[in-house]
Structure formats: C-alpha cells, structure tokens
Amino acid sequence: MDGFVPVSENLSMMGSHNIFGTNSQISENDTSSQHTAEVDGSSQINRCMAALEHSTIKVPYEVLNRKFRTAQKVLEREVSAVAACTSEMQAALSGSPMPRPQQLTQMIRGVMSQVSSLKRKAREAVAGEVECARAVRRRIEHLDQAGKGSAAARAAWESTRIDRLITDFLLREGCYRTAKKLVELRNIKSLTNLGLFENAYEVEQSLERRDVSKCLAWCHENKTKLKKLNSSLEFNIRIQEFIDMIKRNERMSAVWHARKYFSAQDCKQLPSIPQCMALLAFPADTKIPEYQVLLSDSRWQDLIQQFRDENLRLYHLSLQATFTVVVQAGLSALKTPQCYKSNKESFNPDCPVCVPTLNSLAKELPYAHCSQSRLVCFLSGETMNENNLPLMLPNGYVYGSNALEAQAAANNGEVFCPRSETKFQLSDAQKVFVM
Amino acid sequence: MATDPRIPVRNEIDKVLDKFSTYETTTLSSLDNVEAKLKELLELVENAMPMDDDSSNLDEALDSEESEAPLLSSEQVSNIMATLAEVKSVSSSVSAKHRELHSFVSKIGKCIDKNFETSYDFMTHQTAFLRDETRPRLYEIICNHLCREGLQSTADQLMEDSNMNINSEFMTKFRDVNAIVVALRNGDLQPAMKWALEHSEKLKEKTSSLEFKLHRLAFISLVAGGAQNVTAAIEYARDHFTPFIPNHQSAIQHVMGSLVFMRTGLQGTPYSGLLQTSQWDDLIRTFTKDACTIMGLSMQCPLAVCISAGCTALPVLLNINQALTGSQVHNMWSAKEELPIEIALGKNNYYHSIFSCPIMRQQSTESNPPMRLICGHVISKDALTKLTNANNKRSQSPPRVKCPYCPVEQTPQEPQQIIF
Chain A
1 MDGFVPVSEN
11 LSMMGSHNIF
21 GTNSQISEND
31 TSSQHTAEVD
41 GSSQINRCMA
51 ALEHSTIKVP
61 YEVLNRKFRT
71 AQKVLEREVS
81 AVAACTSEMQ
91 AALSGSPMPR
101 PQQLTQMIRG
111 VMSQVSSLKR
121 KAREAVAGEV
131 ECARAVRRRI
141 EHLDQAGKGS
151 AAARAAWEST
161 RIDRLITDFL
171 LREGCYRTAK
181 KLVELRNIKS
191 LTNLGLFENA
201 YEVEQSLERR
211 DVSKCLAWCH
221 ENKTKLKKLN
231 SSLEFNIRIQ
241 EFIDMIKRNE
251 RMSAVWHARK
261 YFSAQDCKQL
271 PSIPQCMALL
281 AFPADTKIPE
291 YQVLLSDSRW
301 QDLIQQFRDE
311 NLRLYHLSLQ
321 ATFTVVVQAG
331 LSALKTPQCY
341 KSNKESFNPD
351 CPVCVPTLNS
361 LAKELPYAHC
371 SQSRLVCFLS
381 GETMNENNLP
391 LMLPNGYVYG
401 SNALEAQAAA
411 NNGEVFCPRS
421 ETKFQLSDAQ
431 KVFVM
Chain B
1 MATDPRIPVR
11 NEIDKVLDKF
21 STYETTTLSS
31 LDNVEAKLKE
41 LLELVENAMP
51 MDDDSSNLDE
61 ALDSEESEAP
71 LLSSEQVSNI
81 MATLAEVKSV
91 SSSVSAKHRE
101 LHSFVSKIGK
111 CIDKNFETSY
121 DFMTHQTAFL
131 RDETRPRLYE
141 IICNHLCREG
151 LQSTADQLME
161 DSNMNINSEF
171 MTKFRDVNAI
181 VVALRNGDLQ
191 PAMKWALEHS
201 EKLKEKTSSL
211 EFKLHRLAFI
221 SLVAGGAQNV
231 TAAIEYARDH
241 FTPFIPNHQS
251 AIQHVMGSLV
261 FMRTGLQGTP
271 YSGLLQTSQW
281 DDLIRTFTKD
291 ACTIMGLSMQ
301 CPLAVCISAG
311 CTALPVLLNI
321 NQALTGSQVH
331 NMWSAKEELP
341 IEIALGKNNY
351 YHSIFSCPIM
361 RQQSTESNPP
371 MRLICGHVIS
381 KDALTKLTNA
391 NNKRSQSPPR
401 VKCPYCPVEQ
411 TPQEPQQIIF
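Note that the protein sequences, when read in sequence, are chains A and B.
Be aware that the first sequence starts at 1, since it is given in UniProt numbering, and climbs by one per residue.
Be aware that the second sequence starts at 1, since it is given in UniProt numbering, and climbs by one per residue.
Excised from the complex, chain A in its bound form (with noise of 0.2 Å):
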C-alpha cells in the first residue's frame, strides 16, 4: 500500500463550501448518508444494477461460454479416438484369424488408456467450467452487496464501483499497467476483467513495434469469431505489411506477398486493393497526397484501434466505457447555468462542474432541469428557505439571514459582499420573496 493516506474520506461530506469559515461544527459531525442512490428503496438499487452492470456480468459468462465451447471439442476429439479404437478391436474379433490373446490384451490396454483418457480431460473440462461459473456468481454475489451492511461497507462498495468503473476504462485505452497497479493495490482482481486484457495489451504492444505476428496469431486463434464478424483484421494487417515491404524498397517480396495473400479476399475487401497495387508504382517518399495517406505511419495506430475494437466485440463488450457514460450522466445531472457564467463569480470549488477540467468537458452536454427553484446561500453553502430568509443587498447580491446577521453581530451591524467586495450595512438589506 502507498504511504500516502487518504485525505478525504468518503464516509463524511463536509457539506457545502465554507468560504468564510463560519460556524461549520454542523455539518462536520453529519455523517448521514449522502449517497441517495442506493440508500432509499431496493427498487433504485435495482434500476442501477441493470443500468450499470451489463459486463461485469456478462464477461465472466463469455469467458464461461469459451471454455464450454474448447472442452467440446476436446471430448469430441476424445470420444472419437474411444470409438476409433473400439471399432478396430470389434473388427479383429469379428474377422479371421482370429488374433493371439498378446494382440487382444494390447487392443484391450489400448482402449482401456483411451476411455481413462477421456475420463481425466472430461473431469478436468468439467471443473474448469464449474470454476467459470462460480467465478460468474461471484460477481453477482460482489453485486448484491449493495447498499447493505453499515455506512462504512456501503461507502466502501461504492468506492470498489468507482475503482472497478476506472479499470474497466484504463483496460480500454491500453493503459495496461496502470489497471494492473490498481487491480493489486485495491485487490479487486476477481472483480476486473484484467486476465482478459493481458493478452491484448501483449498483442497491442507487439504492434505498437510494427511487429505483426502476435496479432496473426490472436487472429488465427479467433478464426471462426472474426468471420463472423466480418473483421477486416487479419486483412488490413497484410496490406500494412505490403506497405511496410514497399517502404523498404523491396517491391518483389511485396507482388509475391500480394499475391499470395490479397487474391483469396472477399468483394468487401476488393477496393483497397488496386489502390494498395498501385502504390508500387510510387516511390516511397511520394508527395502525392492519396498514396501518403496509405504510406503514412499512423495507419499502425489505426491498426491497433481496430484490434482494440475487434478485442472488445469479440467478448461482446460495448464499445463505449461505461466510466465515460457515467461520467456523462453525472456532469449533465450536475450542471447549471452558474457554472458557467461568464464572469466566474458563482465559482464554486465543491461543485465537479465547476472544476476547470471537468467544466470544459461538460460543455456541450446538456444542463441539469430543475422544476422548483433551491436557493443555496453563497456565504454558508445553506438552504436559503423559510428558516434562512434570502436577503438583498443593494447590489442585487442575495445572501441567506443566518450569514449576514452572523457577520452583522461581529461587525457592528456591517455585512461584506465577497463577490462584489462591497460593505453594506444589514439594514439596507431586503427581502426576497421565492415561491
């Protein structure tokens, strides 16, 4: 674990933000819970497990599926070579002359070593799938946990959603070590899809050398998936290494490797292809824009783009990470028209819409809607309503009671106006009146 403690902890909210540090005791030692989502009613809880988590599910029961699928095959393969042999001591027996009994206890040994065969690859394919589906279960188990147990658990299971919502995302990017690092220090490796992407960062670094033979062979593994897919993976691959060959200057190897492996393609493919032949005829430094394009190294990054998106179809995974549509939602539920003033004056540093990051991000995303007006006070962060009257200044900034008469006791009857740095005295204060 890192040295660094956490500073802020998730269970107690200090409540809003206390610019000018007034009696704030209130809201310090508030530790009801301020996460509304799980907390009232299993129906909202249940609304977020089906909105939320489609592939923490789902990935486990694919990983299951493969594994039924490859144990399938294996005792097919199995029980084949049972009845191969079977049948070929049958036909001895039948036939003339009849064997010698050592030619007997041979075939005898023989099919007794393919059934003990069979026996031990059925046993392990069965306890390998058993594994696959408690590991399935146990996620669902990971999810039921929600919003039960004590304060402390639920904050610490909403703090887990966050992490797993984070390396889901990290995985997606390729960020590879960094998921891994956080998978182990918050030892969540049962609950994240880390083993999955192993092997696609291993693919993806390759690439990222302008090496081809990972990714062929990752192809070649998932023949029967990709075409169902109509991947043009493998495909696209072949064309960057006729490119790559072309750039080298060795044109003959790029016609033989043309020809042996751009014939057998599908109409789809078709197009690319006489625009790829004629880039023989072009010298490798072209100034011609179209065969630069081609030429171009950042057709590796699309490459491996591709791969990313072939990766996460093939697991039936949805292209976009639930972290950023997450995200989307909350900084749109969040914003309002303060935010972004254009002065900054309703600046607030608790607000995440109004951190500069995330205040450019949520830009083009819709406002939050809001029927009835709420009134917070800009001093205390309070609720202005009946038991802290809103009240006016003669710049037509609004403050709650409760703020101003405190500042008018320890200041002789004198309130500050932090947005305007104006002082005022209480009495010129007036009333509004918000219905």
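Misleading hints may appear alongside valid ones.
[Said to hold, decoys possible] Listed next, the in silico DSS-like pairs over lysine-lysine satisfying Cα-Cα at most 25 Å (straight line): (1) Lys423(A) with Lys344(A); (2) Lys344(A) with Lys206(B); (3) Lys15(B) with Lys110(B); (4) Lys173(B) with Lys73(A); (5) Lys214(A) with Lys287(A); (6) Lys37(B) with Lys88(B); (7) Lys73(A) with Lys148(A); (8) Lys39(B) with Lys344(A); (9) Lys381(B) with Lys341(A); (10) Lys225(A) with Lys194(B); (11) Lys73(A) with Lys97(B); (12) Lys37(B) with Lys97(B); (13) Lys204(B) with Lys194(B); (14) Lys402(B) with Lys431(A); (15) Lys287(A) with Lys73(A); (16) Lys15(B) with Lys114(B); (17) Lys423(A) with Lys19(B); (18) Lys67(A) with Lys214(A); (19) Lys148(A) with Lys121(A); (20) Lys347(B) with Lys67(A); (21) Lys194(B) with Lys173(B); (22) Lys344(A) with Lys347(B); (23) Lys114(B) with Lys119(A); (24) Lys121(A) with Lys37(B); (25) Lys204(B) with Lys423(A); (26) Lys114(B) with Lys67(A); (27) Lys88(B) with Lys39(B); (28) Lys119(A) with Lys19(B); (29) Lys121(A) with Lys39(B); (30) Lys228(A) with Lys247(A); (31) Lys347(B) with Lys227(A); (32) Lys148(A) with Lys347(B); (33) Lys247(A) with Lys189(A); (34) Lys247(A) with Lys214(A); (35) Lys97(B) with Lys119(A); (36) Lys223(A) with Lys67(A); (37) Lys214(A) with Lys225(A); (38) Lys381(B) with Lys402(B); (39) Lys228(A) with Lys73(A); (40) Lys114(B) with Lys73(A).
These are computed hints drawn from the structure, not numbers from a lab.
Starting from the known structure of chain A, fit chain B onto it as the hints suggest.
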C-alpha cells in the same frame, strides 16, 4: 417497482451448476463402470492365455496351433463385443450429454442480456465525448482522483502509460497537503504549524480556528505528559493562547482548567475528552478543509461526486429514453439545452442556487436572470417582459407592471436584477 436483475441470472447459474454436478455424478461415473468392465475383460483374456515363461516359445506354439480350437469361446467373444459396444455408447454419451448442457449455459447469457442494459446509444453527440482533445483532461481527472485516494504510484504510472501531457499542478499541491496530514496522523504537529504560520493571514481572513486548535493540542500534549511539564505548559499557554482570547475565550478557559489534574492525570476527569483521538481527527478535518479552501481545491474528490451523481442519473435517463422512443423528439442528449427530466441528487449536491421562474417555468440563465419586483417577489426577466407587453396592449401610458402575486404595481424599470 423495478425487478431485481440479479435474481434471475443467479437462478440460471445455479441451474447450470446443478446440471454440471448431475453430469459428473451420472455420466462421468458411468465411465468408471466401463473402466472396471474393461479391467475384467483384460483379466479374462490374460487367464485364457496358456501360462508359459518362455514367450517366444509361446508364439511358435500358438502358430502351430492355428488349426486348434480358439482360446476364447464364442460366448466369451460375444461378451467382449458387448462390453466394447457399451464402451462406445457410454463414451459417446459423455460428449452428447455435455453438448446438451450448452442450452443451459447459453440461457445464462440470454438472461443477462434481457435483464441488464446493454447499450447507451441515446448518449450520442455530434462530437464524441471521448476524443483526442478531451482525453488528456479525462486522464487528468483520474490522476487527481488516484492522488486523493493515496495511490500516488498508480497516478504516476498512468502519466507514463498515457503518453500524454497531463497537467500535474493539482498533484503537486495535493502532495504537500497530504504530507502534512500524514504527519498529523503520526502525532506530529510541526509541519501543520509551519503551514499555518505561512498562511496565517489567509486563515485569519477566513476566521479559521485552525491555529488555535493546533496550539490547544500542543498544550494538551504537554498537560498529558504529567506534572513535570507544569511550567512548560503554563509558559506555552502564555506564549500562544493570548491572540486567540477574543474568539475562543471559553475554550481557552476550559482547557486551562485541565492544569488542575496534571499530577493525577486527566482520565476520569471532566477533561478526559481532551485526550481522545477524536481531537486529532477533528484537527485533521479542519486542516484539510482550510487547506483545500485556501488552495481553491474541493474537499471531496470531484470525480467521485460526479460518478455518484451519474449512477443516480443514468437509470433515470435510460428509463425516460425508453419512454421517448417512438415519439418524434427522440434524441434527448444532443439538441436539448436541458435534460428532459429532473434528477434528484439530494441536498448535499446543491452547489449553486437555481431559480426556476414560476411563470415561464424555465431556469434562469445569464441572459434571463431573476428580477426582484419592488414588492420583493421574484420573477424572471422574460416573464417581466411578457407581463409588460401584455399590459402595454391595454394602452396605458406610462406602462405599468403588476406583480403576479400581490396588488403592487410598478414601472418596468423598477425591478432590480438579483444574483443568488
């Protein structure tokens, strides 16, 4: 009432586990039976063989006995064939029964797809949220989050992995704050005191109680040290408490009272509360709050707050998206200025005032600010314009506006723009 999506999936999984267990106990164990039978067969054949040490002689002997009666009776042969047939059928059932399990396995997948949301298509925008220019910002936010969570090395790894120019201003600021907090957790007041001295003016501006609390805790540590610290404690109080008397008089009086019990110790006295670790926790909270305020940082991680809000908002949005499908106005995400539905995030997430005009039923914006009529009632500027125009139609000169809530009238120039 939304149904729990976890239950049906769990049921399907349990079904599959059950099926696999049955498969193991019936089909696979039938293989054991078959193995046993084969063993019997082997013994049978071996017993039927003539016992002879010299195997080469045996071959010759057998060869010469070609025309002799066969080693095995026809009954034995048919037994062997029967066993072999059983071997075949049992082993083929191993793969056949396994294949049957597939429908149960794939049911799990179908159940998952049915009960959990698979796509977020509604959240499409003309410009993608995650694109080359926004990526570094998103990574920065994650970095900062990791930093706040005490995962400094992971944040560094991300900066390395991402190959991007990530602004680490926050991380540097936060590192300093964190170092002081770590010291406080170890009972070391010095770094905090040094920081408080450096920022003394700003702390005073914000009427913060941090400096007093630091000195108080130092004083208490002396008192708790026992009677030998009496002089030191009193001197400390004299040197450091004086500037705080105007604001913290009663607190000072209370803590000075603890001197009485220095010899016997504070346990069991009215001052035992001063020794508790909660004093330190409170100090850490105060320091964190003040440090964050002065540096313009938020106290809670903004990413965590955002994600929490998103987890509440997303189900609501998915729900409304379903309801909107089929209607003309489908794309709620891009074109609209506001979300089509209100999302209740709870009081703790009210960071700004929102004024919703009761007449126009719209949120106030910079171009449509709230206006306070001279009677004190507030309506939006657009509403004011609307009411003015409506009144003008009655050709009154000069134009007067009547408040919608009370009989007070005024000219259109009198209402004042307010800022909440």
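Hint check:
1. Lys423(A) with Lys344(A): holds, 21 Å
2. Lys344(A) with Lys206(B): Distance of about 21 Å is within 25 Å: holds.
3. Lys15(B) with Lys110(B): Holds, because 14 Å separates the two Cα atoms, which is no more than 25 Å.
4. Lys173(B) with Lys73(A): Given that 25 Å is the threshold and the Cα spacing comes to 58 Å, the pair is violated.
5. Lys214(A) with Lys287(A): Cα-Cα ~33 Å, so violated.
6. Lys37(B) with Lys88(B): holds, 13 Å
7. Lys73(A) with Lys148(A): Given that 25 Å is the threshold and the Cα spacing comes to 43 Å, the pair is violated.
8. Lys39(B) with Lys344(A): With a Cα-Cα distance of about 88 Å, the restraint between Lys39(B) and Lys344(A) is violated, given a limit of 25 Å.
9. Lys381(B) with Lys341(A): holds, 17 Å
10. Lys225(A) with Lys194(B): violated, 64 Å
11. Lys73(A) with Lys97(B): Holds: Lys73(A) and Lys97(B) sit about 13 Å apart, inside 25 Å.
12. Lys37(B) with Lys97(B): Answer holds: Lys37(B) to Lys97(B) is near 22 Å, not above 25 Å.
13. Lys204(B) with Lys194(B): holds, 15 Å
14. Lys402(B) with Lys431(A): holds, 19 Å
15. Lys287(A) with Lys73(A): violated, 53 Å
16. Lys15(B) with Lys114(B): Satisfied, since the Cα-Cα distance of roughly 17 Å is no more than 25 Å.
17. Lys423(A) with Lys19(B): Cα-Cα ~78 Å, so violated.
18. Lys67(A) with Lys214(A): holds, 22 Å
19. Lys148(A) with Lys121(A): violated, 42 Å
20. Lys347(B) with Lys67(A): violated, 48 Å
21. Lys194(B) with Lys173(B): holds, 16 Å
22. Lys344(A) with Lys347(B): With a Cα-Cα distance of about 23 Å, the restraint between Lys344(A) and Lys347(B) holds, given a limit of 25 Å.
23. Lys114(B) with Lys119(A): With a Cα-Cα distance of about 36 Å, the restraint between Lys114(B) and Lys119(A) is violated, given a limit of 25 Å.
24. Lys121(A) with Lys37(B): holds, 20 Å
25. Lys204(B) with Lys423(A): holds, 18 Å
26. Lys114(B) with Lys67(A): Distance ~22 Å between Lys114(B) and Lys67(A) Cα, so the pair holds.
27. Lys88(B) with Lys39(B): holds, 16 Å
28. Lys119(A) with Lys19(B): holds, 18 Å
29. Lys121(A) with Lys39(B): Status holds; Cα separation ~20 Å.
30. Lys228(A) with Lys247(A): violated, 33 Å
31. Lys347(B) with Lys227(A): violated, 53 Å
32. Lys148(A) with Lys347(B): Satisfied, since the Cα-Cα distance of roughly 22 Å is no more than 25 Å.
33. Lys247(A) with Lys189(A): Violated: Lys247(A) and Lys189(A) sit about 44 Å apart, past 25 Å.
34. Lys247(A) with Lys214(A): Holds, at about 22 Å.
35. Lys97(B) with Lys119(A): The hint holds at about 14 Å.
36. Lys223(A) with Lys67(A): holds, 16 Å
37. Lys214(A) with Lys225(A): Between Lys214(A) and Lys225(A) the Cα gap is close to 17 Å, so the pair holds against 25 Å.
38. Lys381(B) with Lys402(B): Roughly 14 Å separates the two Cα atoms, so the pair holds.
39. Lys228(A) with Lys73(A): Holds - the C-alpha atoms of Lys73(A) and Lys228(A) are around 19 Å apart, at most 25 Å.
40. Lys114(B) with Lys73(A): violated, 29 Å
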